[in-house]
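> Each chain is listed here by its residues.
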Amino acid sequence: MTIAGAEVGSGKAAEAPPNRTLWILLGIAVALMLGRALGLLPDWLIRLPDWMIPPTAEWLDAIFAFVQNDLGLLQVTRAIAGGLEYLLDATANLLYGKRRWPYLGPIPWSAIAAVAAVLGYFLGGWRMAALAGGTFVWTALIGQWEIAMQTMSVLVVAAPFAFLIGLLLGIAAWKYRAFDMALRPILSVLQTLPFFTYLLPAVIFFKVGPTAGAVATIVYALPPMILMTTLGLKKVPPEVVEAGKMSGCTRWQMLTRVYLPAARTELLVGVNQVIMLCLAMVVLTAFIGMPGLGAKLLAMMGSFKLGRSFEIGVTIVLLAITLDRLSKAWVVRQPVHFERGTPWWQRHVFLLAGAGAFVLFYVLAQFVEILNEVGIRQNLSQGREIDALIKSVLDIDAVQAVTQWLRWFLNVQILIPFRNSLLWIPTPAFILLVTALSYWVGGRRPAIYAAVFFSIVALSGWWDRSVITLYTVISAVILATLIGIPVAIAAARTEKWSRRMLLVCDSAQTFPSFIYLIPAIMLFGVNDVAVIFSILIFAMVPLMRYTIEGLRTVPPEMTEAADMSGATRRQKLMSVQIPLALPTMAVGFNQAIMFAFFMVIVAAFIGTQDLGQELQRTLAGSDIGKNIVLGMNVSLMALTFDMAILAWANRRERALGLTK
Amino acid sequence: MSEQTPVISARNVWKLFGAEPRKYLAAMPAGRSYDEIRADGYIAGVKNVDIDVGRGEMLVIMGLSGSGKSTLVRCFSRLHDITGGTIAVEGQDIMSLSENELIELRRRKMGMVFQSFGLLPHRTVLENVAFPLEMRGQDRHARRERALEVIKLVGLEGREDYFPRELSGGQQQRVGIARSLAIEPDIWFLDEPFSALDPLIRREMQDEFLRLQDMLGKTIVFITHDFDEALRLADRIAIMKEGAIEQCDTPDRIVLDPQTDYVRKFTEDIDKARVVHAAVLARPLNGSVPDGEPVEAGATVRDLARQLVNDNRASLPVADKGGTVIGALDRREALEILLGAEA
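Sequences listed follow chains V and S, in order.
With my numbering applied, the first sequence covers 1 to 660.
With my numbering applied, the second sequence covers 1 to 343.
Bound conformation, chain V alone (with noise of 0.2 Å):
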């Protein structure tokens, strides 16, 4: 640690020779502060006051209301719309048999099993084909048939869109310069954009229901599927790209013959991320009324149905993870060669197997009926006992007095003083102190950054609010990080370990955000402890995953020379180890803070008084205005970290010549 002390302070010594502007920020910053305790400040200066706040969400909407009817953008989007819901409801049709053209569907549960589990074992042999299969026996078991296929009706027209808007956008940003850098800044800020900031617009624009979930769900996972097109595309080997040129491409076959099968590794991956941001998304759009998995589980958390919660729970994990587990070994997936003269069956015999297993439960289902349906009745969950057993646990004397007493000591003696100190800072101070961190973390860009992020917030008219969305997010990554830090640096100690908890940190990152609302519920009841709760272990996952990684990718010769040195296990970590994995850290903690941001926006549910609350209020109505607003204080406000934070990880590694 000393280490990394030292040549932290020297490094910033070096950039701003005295420190003199971070003495001079924090300075001014402690003046008004305590100008505020010894009562000298003025009113204006504590907060902004109201005449200086600009109407920005009566701005907004008179400009919305501009473009929706006078320049007539809700034609086109509604005219998208029409399109959209024809593919929806074919989807819904064959799916859940909703009343829509083509009228063939349902699909008896049994037959997209049984090709669900012929497509695992294509992809990843008999683990995979048990996975993907038990999945949607568990799902049709347990009586979710119909909630689950609504969801997944939205999920299998979203993704596809979504990986094709993306791919070209990608390719766009690949091939053009001026419209990769215009588009990188509108990412950032989509990529940290709260959740309701999709959903009021499509609704607005795509009127309510699936359709408006299906576009807030494409325009949601685009971001890293434009980013791994462009990625993949400028990875490409220049041999490769050279041995094109040479064949005498032309543009389009340089494209489509060389580029894109080159990259398509990459692709995939962006497969992978577009599918699980578009099950994220979907099930959150439960928020908007749109039925299915998260609707259910929404209203069951609300009526503390726990049992039935916890089901529900399962069933979207289980598809997460099988939906995850599929693309990525679809990823690695790689064409194996048949040898000559093999028969046009065998060279696909897993088509002809998926389509005979279609037609076979296709056809068994016509005569028994519960390969078609699983009824009310005959379903096999146990909600009520569940229910009854997590109930009685919770009631245990001791688990109580232990929940109970987490609950007073968090809330009495941290959060609520926290908190409280929090406000009662003045405006221009914690602007100034928020400033002067960006400046110590991340250098002068960052720090101009900060403050002017943090200026249009309190021009923004939402400051207290936005303050406590910041002081939510702060206290559950400090918590994230004494929890979850030492066990990552333990975990990190073997091979072993290492995988196990990476293994878990990978699914646990897959599981939808609405998941970690259960145990937070079922532990703390509906208050401030169980939002922060819910966020510390949100974020607790990519804090340990890049720990780990960071911890696990210092190089062997390092480790080895320290050993020779006859440093202690506890010197080789404190000095070699830990100074040389925090730059991964930090990226990881980075993320844990964007994945804060994120969850303190869900936990809106659980009732708290942040800009999440507020923005579940726009959703009743049309205040579009104010949706925006709200939104880009969040969006904001995680920018400002987002940068300072990068901006040092990326210096820190340079200074150790980690990067190429």
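Some clues are possibly wrong.
No more than 30 Å apart at the CA atoms, straight line, and that leaves these computed lysine-lysine pairs for BS3-like [what the hints assert, rightly or not]:
hint : chain 1 : residue 1 : chain 2 : residue 2
1    : S       : 241       : S       : 272
2    : S       : 109       : V       : 175
3    : S       : 152       : S       : 241
4    : V       : 305       : V       : 234
5    : V       : 328       : V       : 175
6    : S       : 23        : V       : 175
7    : V       : 98        : V       : 207
8    : S       : 321       : S       : 218
9    : V       : 175       : V       : 98
10   : S       : 321       : S       : 109
11   : V       : 234       : V       : 328
12   : V       : 245       : S       : 241
13   : S       : 23        : V       : 245
14   : V       : 234       : S       : 265
15   : S       : 152       : S       : 218
16   : S       : 109       : V       : 245
17   : S       : 218       : S       : 241
18   : V       : 234       : V       : 245
19   : S       : 218       : S       : 109
20   : V       : 245       : S       : 218
21   : S       : 152       : V       : 245
22   : V       : 98        : V       : 305
23   : V       : 496       : V       : 328
24   : S       : 152       : V       : 234
25   : V       : 175       : V       : 245
26   : S       : 109       : S       : 152
27   : S       : 265       : S       : 241
On the chain S side, residues computed to face chain V include the following (Cβ under 7 Å) [as the list claims (entries may be wrong)]:
hint : residue
28   : 94
29   : 103
30   : 107
31   : 114
32   : 136
33   : 140
34   : 141
35   : 161
Residues of chain V placed beyond 10 Å of chain S at every Cβ, according to the derived structure [as the list claims (entries may be wrong)]:
hint : residue
36   : 20
37   : 83
38   : 123
39   : 248
40   : 336
Think of the hints as simulated: they come from the structure by calculation, not from any bench.
Note that the Cβ used here is the ideal one computed from N, Cα and C, for glycine as well.
The hints should help you fit chain S onto chain V, whose structure is shown.
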């Protein structure tokens, strides 16, 4: 086009990398050195190169990494646009070609082999080899026939349906070679084709390459950083340093008469006896033919070692393949090369 016209003719070719290379080159005073150019913020990939490649010739461009040899060959095929000078391929200025004409040129006349193979990972051996044919729109049947033919030529029969990752390095490069030959190019560029291979495989591939060249007789530009390889294969060697050609000559001349210190350094550790041929040492006959059995013009000094030591004539007659005496070889001179003059 006559036999004498060079296939590739480069005049004052410059390739600069930097912000505005054309503008810089136009304003640059003559005789500026590599380091001065670098101080101005530009890298001279190719620096004022003049070279001709004759029909059927094998020119080996040789130099350390970063000397500009790969850049030069990419200028020949216009994978790089040159900054100054002219490059003519079969008399046609390639910088004046439109995109379509350039594509056409590459589809008909040029083949290239890459150091790390540059195979398309998603295509089988057959599909990789047929790729250039596919690009020029040949029908499926014809390109399959031709591809199978070249695959057989490079000795990969039976592996047509394998994917590149299922092959060893040497086999992958055979695919690269087959692909570059599929269109029956007139000009064949090979960019360090064997550098990525193990020494044993490399030797085997060189032999294979010589066999192919014997059979096909193409015009070849071959790049290597391995002097032994250059000596083994070349009709002529061009040695490059910092973008410029230091010397371009036959292997014998390079070894016997290095023109710069840089070239001399290269040749120092070379066993000259293995490189120098009797023909090069033969002095013109001044009317009198030395007595006795003539030695072969194509033999190296090393080949003649025993005879040189045991013979006691002052000079030996040198005869070409037809048996005509073309000159006389001074035995002392040859012995000195054999024993290593400097040592």
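> Compare the structure with the hints numbered earlier in the document and write down the numbers of the violated ones, lowest to highest.
Structure breaks hints 3, 4, 9, 10, 14, 24, 28, 33, 34, 39 and 40.
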